[in-house]
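Residue numbers (the numbering used here), protein chains in the order written: chain A, 1 to 796; chain B, 1 to 209.
It is worth saying that the hints were derived from the structure and are not from the lab.
Cross-link-like lysine to any residue pairs, in silico, SDA-like; alpha carbons within 20 angstroms at most:
id, chain 1, residue 1, chain 2, residue 2
1, B, K98, A, G333
2, B, K98, A, R337
3, B, K177, B, S190
4, B, K20, A, I601
5, A, K97, A, R417
6, B, K98, A, A327
7, B, K174, B, K186
8, A, K119, A, Y86
9, B, K98, B, R129
10, B, K163, B, R182
11, B, K20, A, L584
12, B, K20, A, R600
13, B, K20, A, R599
14, B, K20, A, E611
15, B, K20, A, L602
16, B, K98, A, P332
17, A, K119, A, L145
18, A, K624, B, S17
19, B, K186, B, A133
20, A, K97, A, D420
21, B, K98, A, D326
22, A, K624, B, D14
23, B, K20, A, V612
24, B, K98, A, E317
25, B, K20, A, D618
26, B, K20, B, T106
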Amino acid sequence: MFLSRRARPGGRVLLVALLALLCGAPSSPALEVKQRRIVVLLYPEARLLPEILAVEEAIRPALDPEGAVSLYTEYLDLARVSDRHYEREVIDALREKYASRKIDLIMPVAFPTLRFFLKHRSELFPGVPAVFCAASLDAVTGLELGSDITGVRLPSEWGATLEAALALQPGTRRAVVIAGTSEIDQNLQAAAAHDLARYRDRVEVTYLAGRSISRLLDDVATLPKDSIVLFVSFLRDQAGRLFTDPEAVSLIARASSVPVYSWSETHLGHGIVGGRLASFETQGTRAAGLAVRVLRGEPPDALPVVDGGGTAYMFDERQLRRWGLDAGRLPPGSILRYQEASLWALYGWNVVGAGVLVVALAALSTGLLIERAGRRQAELSVGERLRFETLLAEQAATFSRVSGTDVDREIERALRRIADFLGVDWSSLTEYSEDSRTARVTHRWMAEGIDPQPVALGFEEVPWSVTRLRRGETVRFTRIEELPESEAAVDRQTYRRLGIKSQVAIPLTVEGVVIGALAFSAVLTERTWQDEFVQRLQLLGEVFANTLSRRRSELEGQRLRQDLAHIGRVSTVGELTASLAHELNQPLTAILANAQAIRRILVSDRGDLVEVRAIVEDIVEDDKRAAEVIARLRGLLKKGPFERSIVDMSELVGQVARLVAGDAILRNVVIQLELAPDLPPMNGDRVQLQQVVLNLILNGLDAMRDSAGTRTLVLRTVGGPARVEVEVRDSGAGIEGTDIDHVFDAFYTTKAEGLGMGLAIVRSIVEAHGGRVGARNNPAGGATFSFTLPTGEDAQ
Amino acid sequence: MTVAAAALVFVVDDDASVRKSLVRLVRTAGYEAEAFASVRDFLARPPYDGPCCLVLDVRMPGGTGLDLQDALRATGDRLAIVFITGHRDVRAGVKAMKGGAVDFLTKPLDEGSLLTAIQQAVARTLEDRREQARLTEVRSCITALTSREAEVFALVVTGLLNKQIGSELGITEKTVKVHRARVMEKMRASSLAQLVRLAGVGGVIAARS
Chain A
1 MFLSRRARPG GRVLLVALLA LLCGAPSSPA LEVKQRRIVV LLYPEARLLP EILAVEEAIR
61 PALDPEGAVS LYTEYLDLAR VSDRHYEREV IDALREKYAS RKIDLIMPVA FPTLRFFLKH
121 RSELFPGVPA VFCAASLDAV TGLELGSDIT GVRLPSEWGA TLEAALALQP GTRRAVVIAG
181 TSEIDQNLQA AAAHDLARYR DRVEVTYLAG RSISRLLDDV ATLPKDSIVL FVSFLRDQAG
241 RLFTDPEAVS LIARASSVPV YSWSETHLGH GIVGGRLASF ETQGTRAAGL AVRVLRGEPP
301 DALPVVDGGG TAYMFDERQL RRWGLDAGRL PPGSILRYQE ASLWALYGWN VVGAGVLVVA
361 LAALSTGLLI ERAGRRQAEL SVGERLRFET LLAEQAATFS RVSGTDVDRE IERALRRIAD
421 FLGVDWSSLT EYSEDSRTAR VTHRWMAEGI DPQPVALGFE EVPWSVTRLR RGETVRFTRI
481 EELPESEAAV DRQTYRRLGI KSQVAIPLTV EGVVIGALAF SAVLTERTWQ DEFVQRLQLL
541 GEVFANTLSR RRSELEGQRL RQDLAHIGRV STVGELTASL AHELNQPLTA ILANAQAIRR
601 ILVSDRGDLV EVRAIVEDIV EDDKRAAEVI ARLRGLLKKG PFERSIVDMS ELVGQVARLV
661 AGDAILRNVV IQLELAPDLP PMNGDRVQLQ QVVLNLILNG LDAMRDSAGT RTLVLRTVGG
721 PARVEVEVRD SGAGIEGTDI DHVFDAFYTT KAEGLGMGLA IVRSIVEAHG GRVGARNNPA
781 GGATFSFTLP TGEDAQ
Chain B
1 MTVAAAALVF VVDDDASVRK SLVRLVRTAG YEAEAFASVR DFLARPPYDG PCCLVLDVRM
61 PGGTGLDLQD ALRATGDRLA IVFITGHRDV RAGVKAMKGG AVDFLTKPLD EGSLLTAIQQ
121 AVARTLEDRR EQARLTEVRS CITALTSREA EVFALVVTGL LNKQIGSELG ITEKTVKVHR
181 ARVMEKMRAS SLAQLVRLAG VGGVIAARS
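One chain only, chain A, in its complex shape:
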């Protein structure tokens, strides 16, 4: 279990646990420093993997509570290092970047990074001590760590996971181990194999390595009942397709005919039953603890490599239920997660907080980076590319962390950094108003000595550019003369007036709607815009767009949430039973406790009449409160009064769609809007109709929860003679034949945690508006739920 440091000869004893105990002490005293120290974090991938984010979030604050450390991060994309030429370029770029800086510490994260670092350290960072983190080292690897290297070893406790699985499923005879083809995948698999070798007599262990994802999904779908799946890591499949572990494990767990177990906390909630799970946060915290000591001057020599620790038995309650496993057989001290009926199902709006969107944004940027990795990049030097990728990744990470008012500050910082990088004179972020008629510069940055640019620019001042941007096209010119002479005459004039010589403007698009633009301009001299920079700026544009849209939906969400809380109260009696019971319970609790207090006072013989009277008054008050709750409940069971107003259903559907945008990204669902622009206005209760649309969208998202293919939700509005139709089309599993007549019935549900009220509410509201609901399966798969509302004279 314990690691010996091979650099030292002879057998010796390590006080691993003792030191781990000391290193793991919860508070790391502030670092005393005279000058700023420089620490370089090396990551193995050019993607923001969830594990990388967890490590980073733990390291940053722990390493540098005082802001006295400059932390640089490098995303090395080591998967490509097999390409010799690329490897050389990376090394040159790193050397050039850090040549003039005195580095105090290197922190390689994950095994391949450590290996890369050891191989090239004499050339890149001679004499700089290192603290590694999250590296899975075992007897097989046999690395020569120098004496000035220490770190935190990723714990490998597959034995404990397997034991827990065997306790839950005593009939298990085989374990199928799944790993991808990347170096990290392979390294972690080797560690697992090492652990599992001891169980050879109890279970037959097979390794499903080196397969494409589709082949793998087929294989796990037909495993015999006496098997279990052990998921190791799957960053890349045989066909070279890239995954994050949560993506891969959810696909596998969905397809698998038997329960899936794993070793990392980042997999929990993505379909695994659980296991003895390691925390990357702990890895980061412990590594930061070691780093602080090294920076303080302790020789790394005296700090032996620590075993990561921080593992815990963690399980997913939903998965236990899915497989019919008995929670009573879990190892003592197990942590059970996901126990409530899906929070989302009950209180969706409170869940779509910044937190969810943070993950969504991270997932999004991961997607972008993956896509990008596949392209050939010929023109930019590797150094520039590396710097820009790092900038981009850091920016995405920063945006994913901030919320509220910090967003503005971070956007300004980002504009400055990018403008610096590109060497332009000013950069600005423009937001279009909701009706897309005016534009407002919300953030800007100017190089020193550049005159400030106007804050608002009417669309009529740059009509040609705006028309293009609003179609989602990028506008760029090196010289104003490149703009078409007559069509763009007004634009030319405006740019001249503002003194802009060259410009690139990127549209910011959220779900097909252009919400603003990101512009970089040269004022002093003309400049060209390389295709590659523009492509990257477009990616950055997506990050910006999502940040803005998040902020918008935060604001809008607040308002809509208030409305929906209201409608929730008047229409969803079923879902409210629990909350009403609670409301009734509170006064009853108080009444009982007060009565018991009086009894005690009377028995105790120190009867204080004033106090008793006060208590009795409270009892009467609470009794009134209980009566009010009951009266309100009666009121709810009758139909509440409508609050009628003129409603444009296209606008309403668009609003609700924006509100769920974050959740859709998280669930990997693309929402497509096909909204008729000129629907006849209808007369109805806006809030109740929002609830209808919301319930149908949630229903659609839930229906696609288990789809492996493309997940698309199409929201469509159609106007007809004297009626408006709204359709919600999903690409899920569709409705089973016998269900289709009952889907709108109350308490009819096919979902494990649904109450079966969502669609019933839809029907009752639609019918109260004189409309009709419908459900059908699509020829190409999935289902369409729709409703039709009368307009004009027919409207009730």
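With chain A's structure known, arrange chain B on it following the hints.
Structure of chain B alone, referenced to chain A:
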């Protein structure tokens, strides 16, 4: 009139009437009581060293009782908790109990069960905090050891003889003896048996390569 200071019961519930009535009931039973409307309010209170326990509502806006339980555990605070809830939520109950709660009671509260649970919780807090203090002390003793002493410590408690330890570490038996005496002194142990027990408390494990 009591000789010793009465134990302090913290009541955290978002409902004002419930809070007030519980504080009353607890006071009539001879305890001191303090009430808080939210998890955040409670966390803002300076820590209390005397005998005490926490009566905690599960569902509250702005942070649930289970969150508070996690938060306390994360900071190592051993304050014992009696949960109270308006919902018969079995899963929350299991989680609370697995997290070390003394009891999980359903509202409206039975007076007898509540007061028994409070009594147990006060005792548990006291006991756990003593345990904690002991651990802290042992850890601070361990921190005072030099690395050589720590090595000797780890080997002594595995039952090796001085001679074996010497050969293991490549030092003379006499040096081992000196280190060993220093370890006993720094750990404030008077016998080998006691030292082994302290090692158990402090989590010292030796590994041989």
